[in-house]
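With chain A's structure known, arrange chains B and C on it following the hints.
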Amino acid sequence: MSTGLVVVQILNGLQFGVLLFLIAAGLTLVFGVMDFINLAHGVQYMLGAYLAVAFYTLTGNFLIALVLALAVALVFGLLLEFLVFRHLYDRDHLEQVIATFGIIIFLNQAVKTIWGAAPLTLPIPEFFSGSIALMPGLLYPVWRLVIIASGLAIGLLLYILVGHTRVGMLVRAGATNARMVSALGVDIHRLFMIVFGFGTMLAAFAGAMIAPILSVEPGMGDTVLILAFVVIVIGGIGSMRGAFLAALLIGLVDTLGRSFAIDILRLVMPPSPARTVGPAIASMLIYVLMALVLYFRPAGLFPARGR
Amino acid sequence: MTDPVLQLNDLHKNFGGLVVTDGVTLDIGPGELHAVIGPNGAGKTTLINQISGLLAPTAGTISFNGIDVTGLPVDKRAKLGLARSFQITSVLPRFSALENVALAVQARGQTSYRFFGRADRERAVNDAAGAALAEVGLAERGQTLAAHLSHGEKRALELAIAVAMQPKLLLLDEPMAGTGREESARLVDVLKRLKGRFSMLLVEHDMTAVFALADRISVLTYGRILANGTPDAVRADPKVIAAYLGEEME
Amino acid sequence: MTQTLAASSVLPSQQTGRVGALSAVIFLVLALVPFGAAFGPESYVLGLFTRVMVFAVAALALDFICGYGGLVSFGHAAFVGIGAYAVGILGAHGITETLVSLPAAMLTSAIFAYLTGTVCLRTKSVYFIMITLAFGQMAYFIAGSLALYGGDDGLTVRLRSTLLGFPILQNDRAFYYFVLFSLFVVYFVFRVIVYSRFGRVFRGARENPTRMATLGFDVFRFQRVGYVISGAVGGLSGFLLANATEFVSPAYMSWQRSGELIIMILLGGLGTLHGAIIGAAAYLLIEEALSGITEQWKLIFGPLLVLIVLFARGGLLGLADRIRGKLGRD
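Heads up: the sequence lines are chains A, B and C, in that order.
According to the working numbering, the first sequence is numbered sequentially starting from 6.
According to the working numbering, the second sequence is numbered sequentially starting from 936.
According to the working numbering, the third sequence is numbered sequentially starting from 19.
Read the hints as simulated data drawn from the structure, not as lab findings.
Every residue gets a Cβ at the ideal spot worked out from N, C-alpha and C, and that includes glycine.
Partial selection, computed: residues in chain C whose CB lies under 7 Å from chain A: (1) 137; (2) 156; (3) 316; (4) 327.
A few chain C positions that, by computed beta-carbon distances, are all more than 10 Å from chain B: (5) 40; (6) 107; (7) 203.
Only pairs whose alpha carbons sit at most 35 Å apart, straight line, appear in this in silico DSBU-like list of lysine-lysine: (8) B:1127 x B:1014; (9) B:1103 x C:142; (10) B:1014 x B:1130; (11) B:1014 x C:142; (12) B:1011 x C:142.
Extracted from the complex, chain A is given alone in its bound form (with noise of 0.2 Å):
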């Protein structure tokens, strides 16, 4: 376990929480403001992905590729929200659950009917291929510390806008209160569907940065939704703040518990159990954190919510 190992993975924990913010800040605030489960989420950012690669093939230009998946993505993400969203809000979560996960079965069935089964790649951006030295001997792929600089850029963007707009305002409002804000004479409908069309770009984007790095394939985003869920719920509901704490809390301790946890293991047991110990104790670990806060914070560390 060299010092060089422990930074590159905390470098890849970070790539990994940002990724994680990304998607779950839409998530967050579609909950809060509207209270409804959106497990279609997670399809918006395989969309993103599907999508970067299709344009970049059509036109061979990464910037391109991806303002076109963004605007596409938009655009289906509101047809969604127009067809099937917006008659689920005043349904229970269940149905609400149920919805979304036909229209998750239906995009995962559609992507692999129209690019098939077989997972596509996307090169990464010229300018941006290959690694620069952190440190002597140390070497980091350059993409990926741009998809972290661009997440935290996005988050500061949206503290900026969610903290210091009027706009804003309304959306942390509506977070804690949606039938208040509306009752104030705000359109609520509309208030929303902003926060969700920001949202659904958010998790494009994601998934177009990630797509030269991963595979694109089917049902990429059914591990990621999953986790983003565990970090709103970390977080706290309809808070961006907590969203983005425990996205990076999370992809931290994920990836630095699978890299180290036979190493860290190995300091308390023999090798041989802690090789079949580790990677079991590194798959719960998210889970356990989130059980751990939930226990003594059953709305999460930053609930939205007044109590």
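Below, chains B and C alone, put in the same frame as chain A:
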């Protein structure tokens, strides 16, 4: 000397910077009907929520029959004999009126960790529940779904549920809320009949009811007790007249 | 903002006659399936309906906590998977006797339910759904990391469980009736529990937990007991599943499976018990039918689910009620 049934000692409740209960000290004796009146926003419901256990006070203690219940959860206080009705009707809408009350009876009887036998066919429980319904004038409405009862009937059902618990202290949070004159009068009659059987803390805006029923009155303004005494004394207290009663007494 | 779902506003005493008749029909039909199957592709039909009943057991357990208790668990498949793994793991060590592996399956699931329930039940609504989902995932990943027992690929169950040492269950027909018997017992037990003292408190906690607390009920404790019962029955379903498919895999615990169980209880009619059986049958049979038509059947199935949620309130039973209502009025 017997303990008062309820004793609040310098109770404080803050929500962040907002002080809702500002040092309330109050006691209620056995069989006493104690009314708490005050303008809206005075903190009456918050007070009741602290006594019943739904809210934890920031400071101060609550004693129930000599036992310090300040840290006890809601259900344990109920088991000790503390019942309450809610300002916003809180019944089980998809259960019948009888079953609503039967659950209260079931709670104080033998264990509810029984997994066989039809609960709704237990003779003794149903009889006791029926009796409580009769007390509040709902004898005929036992089989009606609680959701289908009129507003006034639902308020009466809340009372029946509380009565069926055979409590030592009943907290009544605006039982007349939203009822018309006739139904209010009926509820007052019911409460008159129940008087003395157990202690009651009555929070109400309806002054006719309050002065008809109360043994003692506490006036709550801005989270503090402004005055405390018999109805006549309170009615005549210049502080109270100035702060609250004013025109309403004419 | 949210409307409460399901469970009709008819009092149980008024329902009993109709429910009894419908349940009798269901079990009669199930009992006769093997005879009808003899005229066609027997082992296929037997296998299909065995699976229907196995999932019906799991669905009943979920309907109990979800439809009657108001606890929407998105991690219910974990109990099924744990029960299945109990069979698989014991089998890998040479233990295949039902009298050992069945209690083991149910006990392990019950323990998991107790531990996770202690944490989950302190949370409400959305948080509860999410945390049950997460615990389900946890179980899924743990199972996948059991390299000794197949890891991600799963484990074959070489022999079906023996009954008192006799390999009766190897015979598909005998196994079918064994599963049918289990389903019947589970159904009957839940019917009794739901209207018992415990059941009444459990159902009341769904309507108004605050009110129940002010009556003197420790709502958390009651809900946890219900959750453990549900988990144990899930374990039973897992035992049956492992024997039915003769295979055990982490996929049994995936969140998609949990989602499917939720679909089943919603499809049949939430909070009715026999709806869970109908829903399990409907789901699996529709899945079979559609996948026979086209490989892209999920393209139809997904939107179908959305449509069902949007337009078929109360599931199939609710639909039947409305149709009956319309016919009655004409």
